[in-house]
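Engineer: Based on the hints, put chain S in the right spot on chain W.
Protein chains in written order, with my numbering: chain W, 1 to 639; chain S, 1001 to 1275.
It is worth saying that the hints were derived from the structure and are not from the lab.
For each residue, glycine too, the CB sits at the ideal point set by N, CA and C.
Treat the hints loosely; a few may be bogus.
Unchecked claim - In silico DSS-like cross-links for lysine-lysine, where the CA-CA straight-line distance does not exceed 25 Å:
hint	chain 1	residue 1	chain 2	residue 2
1	W	K346	W	K356
2	W	K633	S	K1110
3	S	K1168	S	K1125
4	W	K356	W	K107
5	W	K633	S	K1272
6	W	K225	W	K237
7	W	K106	W	K95
8	S	K1130	W	K633
9	W	K197	W	K369
10	W	K251	W	K100
11	W	K633	S	K1066
12	S	K1168	W	K633
13	S	K1272	S	K1066
14	W	K251	W	K261
15	W	K414	W	K237
16	W	K277	W	K251
17	S	K1071	W	K633
18	W	K237	W	K193
Unchecked claim - With beta-carbon atoms standing in for the labels, derived distance ranges:
hint	chain 1	residue 1	chain 2	residue 2	range
19	W	V506	S	T1174	45 to 51 Å
20	W	V506	S	T1079	57 to 63 Å
21	S	G1077	W	K633	21 to 27 Å
22	W	T505	S	R1166	35 to 41 Å
23	S	K1066	W	R517	52 to 58 Å
24	S	T1174	W	L625	35 to 41 Å
25	S	G1077	W	G23	49 to 55 Å
26	W	A520	S	H1083	39 to 45 Å
27	S	K1190	W	G23	48 to 54 Å
28	W	A520	S	R1261	36 to 42 Å
29	W	R16	S	T1174	26 to 32 Å
30	S	S1197	W	A520	29 to 35 Å
31	S	T1174	W	E493	51 to 57 Å
32	W	T505	S	K1190	41 to 47 Å
Stated by the list, open to error - Example chain S residues on the side facing chain W (calculated, C-beta under 8 Å, incomplete):
hint	residue
33	M1163
34	F1164
35	A1165
36	F1192
37	K1194
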Amino acid sequence: MIRFNDAAILAYTKLRTHRIRTGIAIAVAGLLFGLIAAVIIVAQGVFDSVDRFSDEGLNNRTVLSIAHVGQSGEFNEYEHMNDAEFVLEVEAAHKALVLKKQTAAKKFDVTYTPEMQDPSPVAIDPATKQKTIAESGLEAEAVQQIAGARRLAAYTPFDINAYIKPYPTAKVLGLNSTLQPTDGMLAYMRDAKEALKQTGANRQQMYSQDNEAPMLGVIEASLTKPFIIDKNFDTSKGEIPAIFPYSTAEKLLGYKPLSSKTPTSEKLSRLGEVRSKIRNITASYCYRNQASSLLLSQAIAQQAEITRNVSNKEYTKPQLLYAVPNEADCGAIVVTSDTRNAIEKKQETNRISYEKEIGAYIGEPTQQKVVVRGVGVAGDISTASGGSVGGIVQGLLGSWLGYNTLVIPEDMLKEVPVQFRPEAIFSTSLKKISNYAYFPFQSYLVEFSDKTQARALMEKTGSTLGGVGMGDVYVSPYGSGVLIVDELRRMFEQVLVWVFLIVGTVAIIILGSMIGRTVAEGRRESAIFRAIGAKRSDIGAIYGMYALLLSLRAVLFAAILALVLALTVEILFWHEATLGARLAYAASDTTREFHLFSLNSPYLLAIAGVIIAAGVIASIIPILLGARRSPIKDMRDDT
Amino acid sequence: MTNSVGVEEKKLDAIRSLIEVFDNDPISAARAFREYALNTARKKTEIVAPKGAVLLSVRDLVKTYKRGRQKLMVLNGVTLDIHEGEFVAITGASGSGKSTLLQLMGGLDKPTSGEVNYGNVNLAKLSDSKLSLFRRQTVGFVFQFFYLQPFLRLNRNLEVPGMFARTKRSLRQTKVKELTEKVGLSDRLKHFPKELSGGQMQRAAIARALVNMPKIILADEPTGNLDSRNGAAIIELFETIRREFGTTIVIVTHDPSIARRADREIRIRDGKLEV
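Bound-form chain W, shown alone:
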């Protein structure tokens, strides 16, 4: 058979014969594959960049937050208002409660009026003439006592270890909960000041309405380690070390958030500044137990009353007067004057004894200021929409520790002297369930060394990568978008197979029709070649080579187009993507870049293979048909 390079010389003349037609075929095939190749180059660039950043934050770890959100079918008193058995129990409990209080009141000489303070929650339904729980009595102590006891009896604690047993690579890292003291509350001191202007119940309401107030959480050491900048934090001063979400740190440093139009360089320098100043950032919290909180409310109310009556000469100040503590101190509420007589003081002592007797005493007031100092920066859980490349990158690849939560590394917390981290505030173990409360929300962090098992668990619970789930257990990715990226990779590969099949078929049709016409129009030339000694196989080799050259040109065109498109994307968006990635990861290495361009994909070779295969497959039928023709007939037909 004709030599390879000689076949190439003769095949090349065919490419020159129909330049426009050849050009169109190459352009169409090249365009289709070029677009795919460009997408692959960009996607591979993203995946490579993700890998480059994988030692940042938690991107090399697969962690799920598994939250048990309560038991379905637990006892609900609203559904048992007419349940005779429940009503009887409540009635008995109410009677016992009243009796207990009456006895204690008598003992300590305290006024107790059951009709006023503890009216019976049981009433007669006028329609059925049966005993029932009145709607107004649902919150009554006796009702809550019996309902709580029933809930508690039916309660099976959520056993996370048993739950993850079917997944051998899963390991529980710890709890994923924000700090919530069992008694009282931990309030964020905005601008390091306690909110002292509200009165009574409003004070508590105000705290819970402060949605922007950062919460505090304690997270297992290995998860927090990647985010720590200040490794030499001095715990002896009593400050609590914490990792701040980037946007929170930015806000606390007094920076105004930069707009999306801000130049990339400025955004990056802001990131650098925030990181360098992290040691200067503090956030203060004021812990007050219920007694302290009530006393403070009382002090504030007194203050307000005195201010209101400043010009009222008939106004008499309360006998027991409290001072409102300095707003920066989270201090104790001290008595400034006490003009009560001995009887009145005795009455107060009796009241406390009475409360202790009936179990209603809330204890002595305690309070403590907690100062949290920055030791690291974590990414934000992106709220960025898909509007910008940086936002997309940040959203997909972010590495975070919690939304608007200052995260205290568990290991560093242990080094803080115990008097600065009282159990009442910092306990991370599950609290004992109150008789009157619903069962608490339990959330665990579980790490999987095999992503497939993590995905299997998410599928089982019906959880999506966005963290929405169904049923008693919610599962969501924690700390990074590693599962999302993994899922994207898998989807990308699945889509590519289909795209290859479809575009490959289209390419076969385009190239096949092109080669078919060229073979048909080259019959006379083939006949001449046959006359001067070419075998059928030589003619086949020439057209096979022609198909190969045509395909190679399509490959070349596709490659150039893909490079141009991908480079354009890279040039236009790498800055923004880099910024997004650095913000997402709050990268410690701010010289690291996020590129959207990589030729390191086997699929690029696959594209070249598909084009060439399409060309060769497309050439088979025309070549076989052409080779079977009689040269003399073709020569005669042509002349």
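Structural biologist: Below, chain S alone, put in the same frame as chain W:
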């Protein structure tokens, strides 16, 4: 067959003279040795024609074509011999079957019946592959419309038969150079066909037909597309080729003046030889 004493003696002589030349001019000797080796190798695969006498013998050749439902008899029992070194002109009116005869003699087509024998080989019985080999090694075709590849320079155009023969490129180039000098186109080697005149193109086509050094050239109306001056020059070229290479020339022509210059004129009329 090479087992006769005479042939062995000739080989020994050749080797002796090669040894002598090696002593004096080793480079030329090496070239000569290669040429000798190539010729020997080629001869092994050639369909060997008998020396002298008849080169091609055509016997009772019949060729019919189907045109629609009609059967068209183009050749009807043609018998003739072509001798080695002959210059034969085949003449006849249009549609008389002369081109068909030429194509059958060149192994481009197969007869409906009858034989075309090259030596003792009946071309009709050869496989397509063997026929290709025959056309490649033994026959050189020249056409009225030259049929040069328009996108190849002249030197490449002339190399094409060598490509199908898998001749080494350097050998092809040497041969092309030699032949273009012979046909007077050595200054046109890098030109494309469209840059040549009709006469030049036909000379180029003749050079192409000679690249594989065939024993016979079959030319179908080679001057039909040329003016008389160029036509005469082409015929002169054929005569030169025959003289220098001993190539047998068979030309199909309408032109009586060309026919007169041939050794023999074979006239065909309605598919039969005119006596």
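Engineer: Next step is simple, just say for each hint if it's right about the structure.
Structural biologist: Checked hints:
1. Distance restraint check for K346/W and K356/W: the Cα-Cα separation of roughly 15 Å lies within the 25 Å cut-off, and the hinted pair is therefore satisfied.
2. Simply put, K633/W and K1110/S have alpha-carbon atoms about 12 Å apart, close enough for the 25 Å limit, and the pair holds.
3. Annotation: proposed proximity of K1168/S to K1125/S is violated, straight-line Cα distance about 30 Å (limit 25 Å).
4. For the suggested pair K356/W and K107/W, the alpha carbons sit about 12 Å apart, so the restraint of at most 25 Å is met.
5. Note on K633/W and K1272/S: the hinted pairing holds, with a Cα-Cα distance of about 22 Å set against a maximum of 25 Å.
6. Simply put, K225/W and K237/W have alpha-carbon atoms about 21 Å apart, close enough for the 25 Å limit, and the pair holds.
7. The suggested pairing of K106/W with K95/W holds, with an alpha-carbon distance near 16 Å, which does not exceed 25 Å.
8. Among the hinted pairs, K1130/S with K633/W is consistent with the structure: their alpha-carbon atoms are about 19 Å apart, no more than 25 Å.
9. Our distance criterion of 25 Å between C-alpha atoms is met by K197/W and K369/W, whose separation comes to about 18 Å.
10. For the given pair, K251/W sits about 54 Å from K100/W by alpha-carbon distance, which is inconsistent with the 25 Å threshold.
11. Under the criterion of a C-alpha separation no larger than 25 Å, the hint pairing K633/W with K1066/S is consistent with the structure, at around 12 Å.
12. For the suggested pair K1168/S and K633/W, the alpha carbons sit about 32 Å apart, so the restraint of at most 25 Å is broken.
13. At most 25 Å may separate the alpha-carbon atoms for a hinted pair to count; K1272/S and K1066/S meet this at roughly 19 Å.
14. Pair hint K251/W plus K261/W holds up; C-alpha atoms about 19 Å apart against a cutoff of 25 Å.
15. For the suggested pair K414/W and K237/W, the alpha carbons sit about 13 Å apart, so the restraint of at most 25 Å is met.
16. In summary, the hint linking K277/W to K251/W is supported, as the alpha carbons are separated by about 12 Å, within the 25 Å threshold.
17. Of the supplied pair hints, the one linking K1071/S and K633/W holds, its CA atoms being roughly 16 Å apart against a limit of 25 Å.
18. Pair hint K237/W plus K193/W holds up; C-alpha atoms about 20 Å apart against a cutoff of 25 Å.
19. For V506/W and T1174/S, the Cβ-Cβ distance of about 48 Å falls inside the hinted range of 45 to 51 Å, so the restraint holds.
20. One distance hint, 57 to 63 Å for the beta-carbon pair V506/W and T1079/S, holds here, with the actual separation near 59 Å.
21. Remark: the range hint 21 to 27 Å for G1077/S to K633/W is upheld by a beta-carbon distance near 23 Å.
22. Taking the beta carbon of each, T505/W and R1166/S are about 37 Å apart, inside 35 to 41 Å as hinted.
23. The hinted window of 52 to 58 Å between K1066/S and R517/W is violated, with their beta carbons roughly 27 Å apart.
24. In this structure, T1174/S and L625/W meet the distance hint of 35 to 41 Å, their C-beta atoms being roughly 38 Å apart.
25. In this structure, G1077/S and G23/W meet the distance hint of 49 to 55 Å, their C-beta atoms being roughly 54 Å apart.
26. At roughly 41 Å, the beta carbons of A520/W and H1083/S sit within the given window of 39 to 45 Å.
27. Between K1190/S and G23/W, the C-beta spacing of about 27 Å breaks the proposed range 48 to 54 Å.
28. The supplied range of 36 to 42 Å is met by A520/W and R1261/S, whose beta-carbon atoms lie about 41 Å from each other.
29. In this structure, R16/W and T1174/S meet the distance hint of 26 to 32 Å, their C-beta atoms being roughly 27 Å apart.
30. For S1197/S and A520/W, the Cβ-Cβ distance of about 31 Å falls inside the hinted range of 29 to 35 Å, so the restraint holds.
31. The supplied range of 51 to 57 Å is met by T1174/S and E493/W, whose beta-carbon atoms lie about 56 Å from each other.
32. Hint check: T505/W to K1190/S, Cβ distance near 44 Å, so the stated range 41 to 47 Å holds.
33. Here the hint on M1163/S is kept, as its CB sits about 4 Å from the closest CB of chain W, short of 8 Å.
34. The interface hint given for F1164/S holds, since its Cβ lies 4 Å from the closest Cβ of chain W, which is under the 8 Å cut-off.
35. Hint status for A1165/S: holds, given a least beta-carbon distance of 6 Å to chain W, under 8 Å.
36. A cut of 8 Å between beta carbons decides the hint on F1192/S: the least distance to chain W is about 11 Å, and the hint is violated.
37. With 8 Å as the threshold, the beta carbon of K1194/S stays out of range of chain W, its nearest partner Cβ sitting at about 13 Å, so the hint is violated.
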